[in-house]
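Asker: If you count by our numbering, then the sequence shown holds residues 2 to 154, one letter each, in order.
In short, the hints are calculated from the structure, not lab data. Bear in mind that the values here come from a model prediction, so they are computed numbers and not experimental data. Where a beta carbon is used, it is the ideal one built from N, C-alpha and C, also for glycine. Certain hints may be false.
What the hints assert, rightly or not - Heads up, simulated SDA-like pairs for lysine to any residue below, C-alpha to C-alpha not over 20 Å straight-line: (1) LYS68 to ASN129; (2) LYS138 to HIS124; (3) LYS68 to GLY106; (4) LYS67 to ALA128; (5) LYS117 to ASP76; (6) LYS52 to ALA125; (7) LYS52 to GLY115; (8) LYS85 to PHE65; (9) LYS68 to GLN120; (10) LYS85 to ASN46; (11) LYS68 to HIS124; (12) LYS68 to ILE123; (13) LYS67 to GLY130; (14) LYS68 to THR105; (15) LYS52 to THR131; (16) LYS138 to PHE112; (17) LYS138 to GLU121; (18) LYS138 to ASP48; (19) LYS67 to CYS108; (20) LYS117 to THR135; (21) LYS117 to VAL49; (22) LYS52 to LYS117; (23) LYS52 to VAL114; (24) LYS85 to ALA128; (25) LYS117 to LEU74; (26) LYS117 to LYS138; (27) LYS85 to GLY106; (28) LYS68 to THR131; (29) LYS117 to LEU72; (30) LYS85 to ILE70.
Unchecked claim - Pair ranges (Cβ atoms, derived): (31) LYS52 to ASP116: 21 to 29 Å; (32) GLN57 to ILE99: 36 to 44 Å; (33) ASP76 to ARG97: 41 to 49 Å; (34) LYS138 to GLY96: 48 to 56 Å; (35) ARG100 to LYS138: 42 to 50 Å; (36) ARG50 to GLY96: 44 to 52 Å.
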Amino acid sequence: MAMFPALMNNSIFGDFFDDPFFNNWRDGRRQGQSAKNALNSPLMNTDVREKDGQYQLSIDMPGFDKKDIGLRLEDGYLIVSAQKNGDQGDKDDQGRWIRRERYTGSCSRSFYVGDKVRQEDIHAHYANGTLEVTLPKTSIEPADNTQNIAIED
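All chains, full assembly: derive it from the sequences and hints.
Answerer: Here's what the structure looks like:
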């Protein structure tokens, strides 16, 4: 009888690549999580809709208070960030933690919106764990002149 390694989730390596060592190699956006968890994370999942000459962003940010969320425009990027502080110890006045799955820490996400969008044109509203952002759609102007570049021998 031949012995073959069992396939776990159709992968001979199973959860080997879920080791924290591989986090930055696969997904540098969210350090500290495996790529699989980053894609399934409820934090900052975003829907973008184009409507009436505007972009509407709906960003899931469950568990954050409005005061914990930052929104800024910097060098053509709209940057959304949030920070949630919590007790990091293994004990508190109500007992010892057995398991902690609720998120504490910071996260951010950026969207390139172009250099023509102004801060006063961006409007945001936060309710029920969703940040709604509306900003104008700007068009990229074509270059005024076209110049051919010679290919040298």
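Asker: Run every hint past the structure and note whether it holds.
Answerer: Structure-based check of all given hints:
1. LYS68 to ASN129: Holds: LYS68 and ASN129 sit about 14 Å apart, inside 20 Å.
2. LYS138 to HIS124: At roughly 13 Å apart (the allowed maximum being 20 Å), HIS124 and LYS138 satisfy the hint.
3. LYS68 to GLY106: holds (14 Å)
4. LYS67 to ALA128: Judged against 20 Å, a Cα distance of about 8 Å means the pair holds.
5. LYS117 to ASP76: Satisfied, since the Cα-Cα distance of roughly 10 Å is no more than 20 Å.
6. LYS52 to ALA125: holds (16 Å)
7. LYS52 to GLY115: holds (18 Å)
8. LYS85 to PHE65: Status holds; Cα separation ~7 Å.
9. LYS68 to GLN120: holds (19 Å)
10. LYS85 to ASN46: holds (17 Å)
11. LYS68 to HIS124: holds (16 Å)
12. LYS68 to ILE123: Satisfied, since the Cα-Cα distance of roughly 18 Å is no more than 20 Å.
13. LYS67 to GLY130: holds (9 Å)
14. LYS68 to THR105: Within the cut-off at roughly 15 Å; holds.
15. LYS52 to THR131: At roughly 19 Å apart (the allowed maximum being 20 Å), THR131 and LYS52 satisfy the hint.
16. LYS138 to PHE112: Since the Cα atoms of LYS138 and PHE112 sit roughly 13 Å apart, the hinted pair holds (cutoff 20 Å).
17. LYS138 to GLU121: holds (14 Å)
18. LYS138 to ASP48: With a Cα-Cα distance of about 16 Å, the restraint between LYS138 and ASP48 holds, given a limit of 20 Å.
19. LYS67 to CYS108: holds (14 Å)
20. LYS117 to THR135: holds (15 Å)
21. LYS117 to VAL49: OK: LYS117 and VAL49 at ~19 Å, within 20 Å.
22. LYS52 to LYS117: Holds, at about 18 Å.
23. LYS52 to VAL114: Holds. LYS52 to VAL114 sits at ~15 Å (cutoff 20 Å).
24. LYS85 to ALA128: Holds - the C-alpha atoms of ALA128 and LYS85 are around 17 Å apart, at most 20 Å.
25. LYS117 to LEU74: Given pair LYS117, LEU74 holds - Cα atoms ~11 Å apart, limit 20 Å.
26. LYS117 to LYS138: Holds, because 10 Å separates the two Cα atoms, which is no more than 20 Å.
27. LYS85 to GLY106: holds (5 Å)
28. LYS68 to THR131: Distance ~14 Å between LYS68 and THR131 Cα, so the pair holds.
29. LYS117 to LEU72: holds (17 Å)
30. LYS85 to ILE70: holds (9 Å)
31. LYS52 to ASP116: 21 to 29 Å: Taking Cβ atoms as reference, LYS52 and ASP116 lie about 23 Å apart, which means the hint holds.
32. GLN57 to ILE99: 36 to 44 Å: holds (41 Å)
33. ASP76 to ARG97: 41 to 49 Å: holds (46 Å)
34. LYS138 to GLY96: 48 to 56 Å: Between LYS138 and GLY96, where Cβ atoms are some 52 Å apart, the hint holds.
35. ARG100 to LYS138: 42 to 50 Å: Cβ of ARG100 to Cβ of LYS138: about 45 Å, so the range 42 to 50 Å holds.
36. ARG50 to GLY96: 44 to 52 Å: Given range 44 to 52 Å: holds, Cβ gap about 45 Å.
In this structure, none of the earlier numbered hints is contradicted; all agree with it.
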